[in-house]
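Protein chains: 2
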Amino acid sequence: MNNIKYYLERVAEIFAEEQFVFEPKELYEPIDYTLRLGGKRIRPTLLLAANALFGGKEEEVRDAALGIETFHNFTLLHDDLMDRSPLRRGQPTVYTKWGDNTAILSGDTMFALAWRYFLRKPSPRLQEILQCFNETAIEVCEGQQKDMNFERLPIESVSIDDYMDMIRQKTAVLLAGALKIGALYADAPEKEVKRLYDFGIHLGLAFQLQDDLLDGYGDTAVFGKKTGQDIRDLKKNYLILRALQLATPDQRLALAKLYNDTSVDEDNRVTKVMAIYEVLCLKPEIDKAITKEFDLAAEALEGIQVPEDLKTPLRELMESLNGRKK
Amino acid sequence: MNNIKYYLERVAEIFAEEQFVFEPKELYEPIDYTLRLGGKRIRPTLLLAANALFGGKEEEVRDAALGIETFHNFTLLHDDLMDRSPLRRGQPTVYTKWGDNTAILSGDTMFALAWRYFLRKPSPRLQEILQCFNETAIEVCEGQQKDMNFERLPIESVSIDDYMDMIRQKTAVLLAGALKIGALYADAPEKEVKRLYDFGIHLGLAFQLQDDLLDGYGDTAVFGKKTGQDIRDLKKNYLILRALQLATPDQRLALAKLYNDTSVDEDNRVTKVMAIYEVLCLKPEIDKAITKEFDLAAEALEGIQVPEDLKTPLRELMESLNGRKK
Numbered sequence: 615m616n617n618i619k620y621y622l623e624r625v626a627e628i629f630a631e632e633q634f635v636f637e638p639k640e641l642y643e644p645i646d647y648t649l650r651l652g653g654k655r656i657r658p659t660l661l662l663a664a665n666a667l668f669g670g671k672e673e674e675v676r677d678a679a680l681g682i683e684t685f686h687n688f689t690l691l692h693d694d695l696m697d698r699s700p701l702r703r704g705q706p707t708v709y710t711k712w713g714d715n716t717a718i719l720s721g722d723t724m725f726a727l728a729w730r731y732f733l734r735k736p737s738p739r740l741q742e743i744l745q746c747f748n749e750t751a752i753e754v755c756e757g758q759q760k761d762m763n764f765e766r767l768p769i770e771s772v773s774i775d776d777y778m779d780m781i782r783q784k785t786a787v788l789l790a791g792a793l794k795i796g797a798l799y800a801d802a803p804e805k806e807v808k809r810l811y812d813f814g815i816h817l818g819l820a821f822q823l824q825d826d827l828l829d830g831y832g833d834t835a836v837f838g839k840k841t842g843q844d845i846r847d848l849k850k851n852y853l854i855l856r857a858l859q860l861a862t863p864d865q866r867l868a869l870a871k872l873y874n875d876t877s878v879d880e881d882n883r884v885t886k887v888m889a890i891y892e893v894l895c896l897k898p899e900i901d902k903a904i905t906k907e908f909d910l911a912a913e914a915l916e917g918i919q920v921p922e923d924l925k926t927p928l929r930e931l932m933e934s935l936n937g938r939k940k
Numbered sequence: 615m616n617n618i619k620y621y622l623e624r625v626a627e628i629f630a631e632e633q634f635v636f637e638p639k640e641l642y643e644p645i646d647y648t649l650r651l652g653g654k655r656i657r658p659t660l661l662l663a664a665n666a667l668f669g670g671k672e673e674e675v676r677d678a679a680l681g682i683e684t685f686h687n688f689t690l691l692h693d694d695l696m697d698r699s700p701l702r703r704g705q706p707t708v709y710t711k712w713g714d715n716t717a718i719l720s721g722d723t724m725f726a727l728a729w730r731y732f733l734r735k736p737s738p739r740l741q742e743i744l745q746c747f748n749e750t751a752i753e754v755c756e757g758q759q760k761d762m763n764f765e766r767l768p769i770e771s772v773s774i775d776d777y778m779d780m781i782r783q784k785t786a787v788l789l790a791g792a793l794k795i796g797a798l799y800a801d802a803p804e805k806e807v808k809r810l811y812d813f814g815i816h817l818g819l820a821f822q823l824q825d826d827l828l829d830g831y832g833d834t835a836v837f838g839k840k841t842g843q844d845i846r847d848l849k850k851n852y853l854i855l856r857a858l859q860l861a862t863p864d865q866r867l868a869l870a871k872l873y874n875d876t877s878v879d880e881d882n883r884v885t886k887v888m889a890i891y892e893v894l895c896l897k898p899e900i901d902k903a904i905t906k907e908f909d910l911a912a913e914a915l916e917g918i919q920v921p922e923d924l925k926t927p928l929r930e931l932m933e934s935l936n937g938r939k940k
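Here the protein sequences come in this chain order: A and B.
Its first residue numbered 615, the first sequence is counted upward by one per residue in the numbering used here.
Its first residue numbered 615, the second sequence is counted upward by one per residue in the numbering used here.
Incorrect hints may have been included.
Identical copies carry no separate label here, and so any pair may be met within one copy or between two of them.
As the list claims (entries may be wrong) - The list that follows gives simulated cross-link-like pairs (lysine to any residue, SDA-like), each with its CA atoms no further than 25 Å apart:
(1) K849 with K897
(2) K671 with E631
(3) K639 with L690
(4) K735 with P803
(5) K871 with S934
By construction, these hints were calculated from the structure, which means they are not laboratory data.
The shape of chain A in the complex, shown without the other chains:
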């Protein structure tokens, strides 16, 4: 029986074996750069582990693992351009290194390369697998649009429900989709596929809420980002939206003013917003929300009808994410 370390290593090997540079090199070098930057590679790892959970053969999902990660990196490449993020994984982003046009076109090509991987091998359930991949891709785009819409709205008009729906689309459906695709390749029963998908959704929501937690309370040296970057960027996240719910009318006014007034100096805004978070005891609040999602994920995993020991890798991955510091 395998553990999660085995799948993480397999994914690293699969990427190391693959070639990403073709002609014209101006198009493919940024793709190679992006795919070699690494990252956690959670999605292909989930895909391989989900496939094995139902007795699938690794050889049959190797390409799908490449496809799901290539797609994920395409979305990061375009998101970084749209968000004007200078760094990704500590390295310059593609648009800063090669310009906007290269970022657009190399991104488009990566989306098509993801499809090339998915189309390499036949499968009895190919149409269903591809539909799952594509509907997931559409939801990710919709989630990104909602995120951009939120940036333009005053914080008072975004509810926590709206926010959870946005992060479900922007982050959680791709983790869930990776698991579902792995299971479909192994021809898993419909009911189990559904449970595995739910596991992925809650894992994804927990993961995104952790990002919000780390943004407010992370150790800059470990997390790799400045504290309060979301506050600096005036991004809505769980902390600020929950703070608004818990705040007194005076605190609510102060928060709205700090968040909606772009003339306030950034460092000053972070200090003042964080001070209100302190008073409202917000950290236990977000910890509770994260724990709730991890519990729901664990429950979904528990419900899957396969021998318990086969679930070890997915349980290990979940546990390694729970309490992550970066």
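Could you slot chain B onto chain A? The hints should help.
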């Protein structure tokens, strides 16, 4: 037996029946806007006609027709952003109307919507059809990158062969791909699919060379663009590259200077370059190149082993493009 008018009208009806606006509307309204702008809709028309050529059922390719045109419009949307073109079909382009980020993300979503259309219906040859679509998409991206590379190069270092290879990828393969996909849905024999693909390649090359001709010699009122826009934008096209081949050493020096020196006033550059084209009798040269491609297209169409009268729609389309003024 149908004629080309029938297929053009069917494509218009198919688009009129379809809904393109979903939530969030900020994402889908630019997509609806783009797909409703119209245009010639040559690619879905070719797809339907190619399918009928081999006895296919229109019902089975309706979605693929939507898919190929949605993909084409996605490439135009991103190209307009990369080229900073303010107008498309006489209307403001998406990035000028909604901003760069919306153009990026709505474009990405259109690519996924194209896939949704292609994935709607099963087909015994689905994997092959989807591979054809995707490899075509990759070639279109490669062609666009080569076009952008050429912009940065001095004209002396781009050969006509390089240029023909670029327009084959950027324009011709999508026409050829549309025809091939239509034929694959009708389960056409491999040999005939190959001939139809060649027909599309030469038709596409002729089409792009006509754009070059119209750029230099078109009637602005009919063509809808200023004469010499490629000269203004310092874009390589067939005219300038052929002019370089035919020029005396002095003329070649003058052309290179005019093309490589961005400080020259645009109108002045157009006048001077066009004067050299006049002396070199360039119009008959490009006419000859266009005729050659139309002849090769006609030859490929002739070789296809189906009753001659079934080829009428494709022959009509080819003839309607031959000699087009816009």
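We went through each hint and held it up to the structure:
Taking the shortest Cα distances, K849 and K897 sit within 25 Å of each other inside one copy (18 Å), while across copies they are farther apart (57 Å). For the identical chains of this complex, K671 and E631 are intra-copy neighbours only, at 19 Å inside a copy versus 44 Å across copies, given an alpha-carbon limit of 25 Å. Within a single copy, K639 and L690 get their C-alpha atoms as close as 21 Å, and across copies as close as 22 Å, so both meet the 25 Å cut-off. Proximity of K735 to P803 under the C-alpha cut-off of 25 Å is found in both arrangements, the shortest distances being 21 Å within a copy and 23 Å between copies.
With identical chains, the CA atoms of K871 and S934 are never at most 25 Å apart, being 38 Å at best within one copy and 63 Å at best between copies.
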